[in-house]
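J.: Protein chains in written order, with this note's numbering: chain A, 147 to 512; chain B, 147 to 512.
Don't take each hint at face value.
Identical copies look the same in the list; a pair holds intra-copy or inter-copy alike.
As the list claims (entries may be wrong) - Derived lysine to aspartate or glutamate pairs resembling EDC-like cross-links, with alpha carbons at most 16 angstroms apart:
id, residue 1, residue 2
1, Lys-249, Asp-224
2, Lys-510, Asp-154
3, Lys-510, Asp-476
4, Lys-164, Asp-383
5, Lys-510, Glu-216
6, Lys-205, Asp-225
7, Lys-205, Asp-224
8, Lys-319, Asp-356
Hints in this document: simulated from the structure, not taken from any laboratory.
Take a look at the letters that make up each chain.
There are 2 protein chains.
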Amino acid sequence: MQRVADLDTPSMVVDLDKLEANIQRLQASLDSLGLANRPHIKTHKIPAIGHMQIAAGAKGITCQKLGEAEIFADAGFDDILIPYNLVGAPKMERLTRLARRVKMTVAVDGAVAARAIAEACDAAGVEVTLLIEVDTGMHRAGVQSPEDAQTLARAIADSPGVRFGGLMCYPTKPAMVAFHAEVRDRLTRDGIPLEQFSGGGTGAQQVSKDAGCTEHRSGTYSYNDLSVWRAGNCELDQCAMSVLVTVVSTSCPGFSTIDGGSKTFTNDALQTTGVNGYVREFPEIYLEKMSEEHGVLNLSRLTDASARPRVGDKIHVIPNHACGTTNLHDVVYGYRAHGSRPGDGTLSGDELIEVEWPVPARGKIR
Amino acid sequence: MQRVADLDTPSMVVDLDKLEANIQRLQASLDSLGLANRPHIKTHKIPAIGHMQIAAGAKGITCQKLGEAEIFADAGFDDILIPYNLVGAPKMERLTRLARRVKMTVAVDGAVAARAIAEACDAAGVEVTLLIEVDTGMHRAGVQSPEDAQTLARAIADSPGVRFGGLMCYPTKPAMVAFHAEVRDRLTRDGIPLEQFSGGGTGAQQVSKDAGCTEHRSGTYSYNDLSVWRAGNCELDQCAMSVLVTVVSTSCPGFSTIDGGSKTFTNDALQTTGVNGYVREFPEIYLEKMSEEHGVLNLSRLTDASARPRVGDKIHVIPNHACGTTNLHDVVYGYRAHGSRPGDGTLSGDELIEVEWPVPARGKIR
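Construct the complete structure from the given sequences, taking the supplied hints into account.
T.: What follows is the structure, given as structure tokens:
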């Protein structure tokens, strides 16, 4: 079997033991809370990993774009939520085609989007379940009040082609306890059943339980990343995904440069701390600056200056944001570590590649 | 012909009149300065646009990764510079294969990278020209002093398999006048000819001329973007590329949300001003926040609140960073505006698509 250390760089690599453990851990957490699991596939964009999530107990999946849903429907997934307003004639055509073959649920936050979906579904003779998105603080979409939710729910309940399902939010916040209760009361008086409440956010499963959610959507938990670790929702050792890179320059005093930058890691979640990537083999060194193809490692915390990475060294970098990084890689290599575990300062000659996955839902911007 | 306004969104679109004018304008500028033009293809990643640059007078092209060079060599480009340390056995194999069929020039900044290329080329029976990268302030790669450049030039001149060509920097800075002169003096004493000096940076062609460069590399000038405009190196009306998006939510007071975020535009060059994208149809509105699939437009500067974008409206957004945006799009639509010009507040029903380009060098991280 090929060794990870022999891969050309940059290459996205996934520790299969950690990936499997992450999938099992979240499923067990949601099982114990009595919440259905609807993982978001945006983190990996790979049907084979989605099948692992379903096999572990997930009831369905979440896709953010129709293009992702089309790829996953082709791969056999039959219960898909798109938690996003779908707007425009080409998307109505694609949505109704999907609804002919799989169970589609879509979130909306306004009457215009809801009406267009209802009319398209009615004309096509299909039914889509609509959830109402609630704004919990991202201020990018979502109704702002229980009254607005009630008004929209009434409109949906009165429309052919669509079924009113309930509510959706991201991330679930404690304020949803009261919001949910009030919407439920109002709709009960209207005779409209509120069956589903889809909450979300890696690490927010207890909040979803408290808010009365029926299901929970997590994405990043499958790979984990520095942002999840900083939020206290995983251990560093539970980060399954990293990018193997090569040191290409040591000319600038105080820095070493790797062959991956924002085109490899994204500039997502750039931290004011200046720490934008964790280097597994050199925990004192961190990815500080990026341009498109250069990543600059800050060496200032290195206690033994003679141990600095040298040109040609290959290292694993855990990025800030797994989902954005995934969207930049056409291929992902799944490996298992054999013998001594990484993290002890040795390079990873004992990591053997078991699978090479294409990333078919990468780049599905539509 | 299909109208831009009928495209599904998000879609990257390029105004062909502006693209052609941008290509002609830079070529004329470099012609008048007597500098050879070696455009960087990372901005567009499309061979057809590279051929337009060659037809206008460019002597060759610049690619940042071997994967880009392989795509462009396949498309008929025969003089390619990679201004980047290539490190590792797989890259040596790929470089020597390329050097068998096209003229390859590679920049290095240290003896390890130079020696590996020389040994690989010697073993393969090919020759590659090496330039020495000089650090002009990016602090990511490049020799730090004329002495270091001399030492490395001597090593290269003594190596079989490679030819010493000269210097390379990005971006060209005024300090390069003295640096170049001192390196030239030192190498003259050594009997080593310094034939080439490749400078770079959109807008920096006069600085390259002053520093004694023989050629100039620009990338972003072909499309232009908000960053180039902010730097004073283009007019807004010279931005040829934009992304057509649809307004999908108006639920959050003070904001409208579009169906493209960091997965469509990147988070590159996020500005402290909070302005991360220019909206052509609504100049008072700007792209403020992004998550992966949401872009949040700030409406606070809108003088006529009744004129705010509505759900379903399609608008053109000029992004901060053209090159990063290009890397997220599998397809680009080239159009020409007919009839009334955009910018007068009307939507763009008169933009007709002439060409649909795949982006074959997208995602070439290796």
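J.: All hints are to be evaluated individually against the structure, with a verdict given for each.
T.: Right, here's what the structure says about each hint:
Taking the shortest Cα distances, Lys-249 and Asp-224 sit within 16 angstroms of each other inside one copy (6 angstroms), while across copies they are farther apart (52 angstroms). For the homomeric pair Lys-510 and Asp-154, the shortest alpha-carbon distance between copies (12 angstroms) is at most 16 angstroms, but the shortest distance inside one copy (26 angstroms) is not. For the identical chains of this complex, Lys-510 and Asp-476 are neighbours both inside a copy (12 angstroms) and across copies (9 angstroms), given an alpha-carbon limit of 16 angstroms. In this assembly of identical chains, the alpha carbons of Lys-164 and Asp-383 lie at most 16 angstroms apart only when taken from the same copy (8 angstroms versus 50 angstroms across copies).
In the homo-oligomer, the alpha carbons of Lys-510 and Glu-216 lie at most 16 angstroms apart inside one protomer (10 angstroms), although the nearest pairing across protomers, at 25 angstroms, exceeds that limit. Only within a single protomer do Lys-205 and Asp-225 lie at most 16 angstroms apart by alpha-carbon distance; the minimum there is 8 angstroms, versus 54 angstroms between protomers. In this assembly of identical chains, Lys-205 and Asp-224 lie within 16 angstroms of each other by CA distance solely inside one copy; the values are 10 angstroms within and 54 angstroms between copies. In this assembly of identical chains, the alpha carbons of Lys-319 and Asp-356 lie at most 16 angstroms apart only when taken from the same copy (9 angstroms versus 59 angstroms across copies).
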